[in-house]
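Using the sequences and the accompanying hints, generate a full structural model.
Residue strings, one per chain:
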Amino acid sequence: MKILVCISKTPDTTAKIAFTDNNTKFNEAGVQFIINPYDEWYALVRALELKETIGADLHLITVGGADCDPIIRKALALGGDEAFRVNADSADSYYIASQIAAHAKDKQYDIIFTGKETIDYNGSGIGGMVAELLELPYVSIAAKFDLNGTVATVNREIEGGEEVCEVSLPVVVSCQKGMAEARIPNMRGIMAARTKPLTVVEPVAADALTAVVSFELPPAKAGVKLISPDNVEELVKLLHEEAKVI
Amino acid sequence: MSILIFADQAQGKIKKAALEAIQYGAKVAEQLGTTATALVLGPVDAAELTALGNYGAQKVLHAADARLHEVESIVYTKAIAEAAEKEGSKVIIFPHNFDGKAIAPRVSARLKAGLVAGAISYPDTSNGFVVKKNVFSGKAFANINITSEKKVIAIIPNTFPVAPGTATATVEAFSPAISDADFKVKVVRTETVSGDIPLTEAEIIVSGGRGMKGPENWGILEDLAKSLGAATASSRPVADAGWRPHHEHVGQTGLTVRPNLYIAVGISGAIQHLAGVNGSKVIVVINKDPEAPFFKAADYGIVGDAFEVVPKLTEAVKKLKS
Ligand SMILES: Cc1cc2nc3c(=O)[nH]c(=O)nc-3n(C[C@H](O)[C@H](O)[C@H](O)COP(=O)(O)OP(=O)(O)OC[C@H]3O[C@@H](n4cnc5c(N)ncnc54)[C@H](O)[C@@H]3O)c2cc1C
Ligand SMILES: Nc1ncnc2c1ncn2[C@@H]1O[C@H](COP(=O)(O)O)[C@@H](O)[C@H]1O
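For the record, the sequence lines run as chains A and B. Just so you know, the first sequence maps onto residues 1 to 246 in my numbering. Just so you know, the second sequence maps onto residues 1001 to 1322 in my numbering.
Take every hint as true, because none was put in to throw you off.
No farther apart than 25 angstroms at their CA atoms in a straight line, the calculated lysine-lysine pairs in the DSS-like style are these:
| no. | chain 1 | residue 1 | chain 2 | residue 2 |
| --- | --- | --- | --- | --- |
| 1 | A | K107 | B | K1112 |
| 2 | B | K1184 | A | K107 |
| 3 | A | K225 | B | K1319 |
| 4 | B | K1013 | B | K1226 |
| 5 | B | K1016 | B | K1281 |
| 6 | B | K1281 | A | K244 |
| 7 | A | K237 | B | K1281 |
| 8 | A | K196 | A | K74 |
| 9 | B | K1013 | B | K1027 |
| 10 | B | K1312 | A | K237 |
| 11 | B | K1226 | B | K1312 |
No wet-lab data here; the hints were simulated from the structure. Here the structure is a predicted model, which means the values were calculated and not measured.
This is how it looks when you write it as structure tokens:
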């Protein structure tokens, strides 16, 4: 069994969102970076659980600059066997997916896990694109993944419920909450990660199909209108007549 | 070169988010001086199809093939790519719902069409083809230029309100070249939460946090939701503790919702919670702590005990509705 987990670097969930360079760049000053929570908590940990129960070669890949190395090392500390960093900086999903697909093409992975989306760009696109580029089946936004030999049973989220699907490996799956319980790396894992292979590869030629023009922050709220708890009729009236939402 | 809109159905009914996508696509078509074609895959009633004209589709391509009843991303992608080819479509619109998220990226890669997922604006074509989207889980927006010739836009549900007109659409049968072997992912069964309004489509949401103290107290929130025709949601610790089902958890690591009205009861308003709800048009916060951060993000607030305020609120809503 060979599993590839796609790891991306994102600002910590509490990071202050601000922009520089005329609102064209995310302001990284004072921001802590983490493994994208969906990649770490769900994709990676489910892969680790599979490795522990049935045995697997667990590869990690990230597309990004040297600033991603601490992130990928942490993923190795959690239990990945070998990591690859494609040395390229891009925010375009198609470009990133092309790099991942080029890496995976001749590696015969049985499972490729991604997170359901990155919490910074919210692209929710890489998994589906990688699947298409590799001509593999794809299950999106999965909350559960079980294996029975080479057949996977995967729960895919749909409006107001879940679909239980069956698919033969190889498959690409994007992971969300429910897949696994988050873990923290232990000292042994951190030590071991130092000597695990992290290979830096140069990107293949690929097109970027989108470009960020600028960022904006939402307009500030006007401020809360407080209503006395003894006068809830007033709130209902405001919602009906002023806000016109009920 | 018609604008192609993927209009998804569930159990033979076109989804609300798909109707929004059709109307959005019709607007884009008008903007670009062309027509809008809606694509429907799977068995759907004829009346349902002609009614899509009300939302601005001039034409509806319908593949009635019963095998298309359920979403299979490979098969759907093939069908959509074939329809785009047939219609000469350079712009394809999806709802950014669960089906859209499963298929739009595949279509994007197949057609080498740049993808903007989570769009919240019409394209600005004054300098390129720029679409605004949510980033940082709703804490900011990015203007993205799609530089490829073909383009895929997936719009966030409940962002472009529909205003149906009275036109009818021409319905054309469509038989995409798909084979049984293309169906790799098979749906064994569907576990839907019956009777509930899907959170991502809900116009009003009543949400509870740890301040509700325990699952046994959810009755008062359900009563309020019922009086408003609302869906119920929760903060993450509530779902983690098993008080409420996981699919109700909203926030950075849960669902992103954009209702017209979000009523937060006993939720402190942590930044990760706000990330999933701050696109709501109006936010009401009920919390006994006047210092709760949620008040800063709210439009209306009541500082008070949920167990006293919520039942009173339900009565007041019922009075208004009667
Ligand atoms: C990486 C990461 C991701 C996260 N993702 C999410 C996410 O997606 N969604 C999410 O919700 N959280 C998320 N969290 C957790 C988040 O940080 C908060 O811990 C969580 O939102 C708090 O939930 P709460 O408001 O229900 O509980 P608390 O913070 O415990 O707040 C309870 C509130 O209820 C009020 N209260 C108590 N009793 C009453 C009463 N009788 N009447 C009225 N009010 C009362 C209190 O004043 C308090 O404000 C995430 C955290 C991390 C680190
Ligand atoms: N630069 C990257 N390198 C490796 N994997 C990535 C990268 N960006 C995104 N991914 C993976 O794709 C998933 C979805 O990302 P996105 O489509 O950008 O929202 C993430 O959760 C990651 O698993």
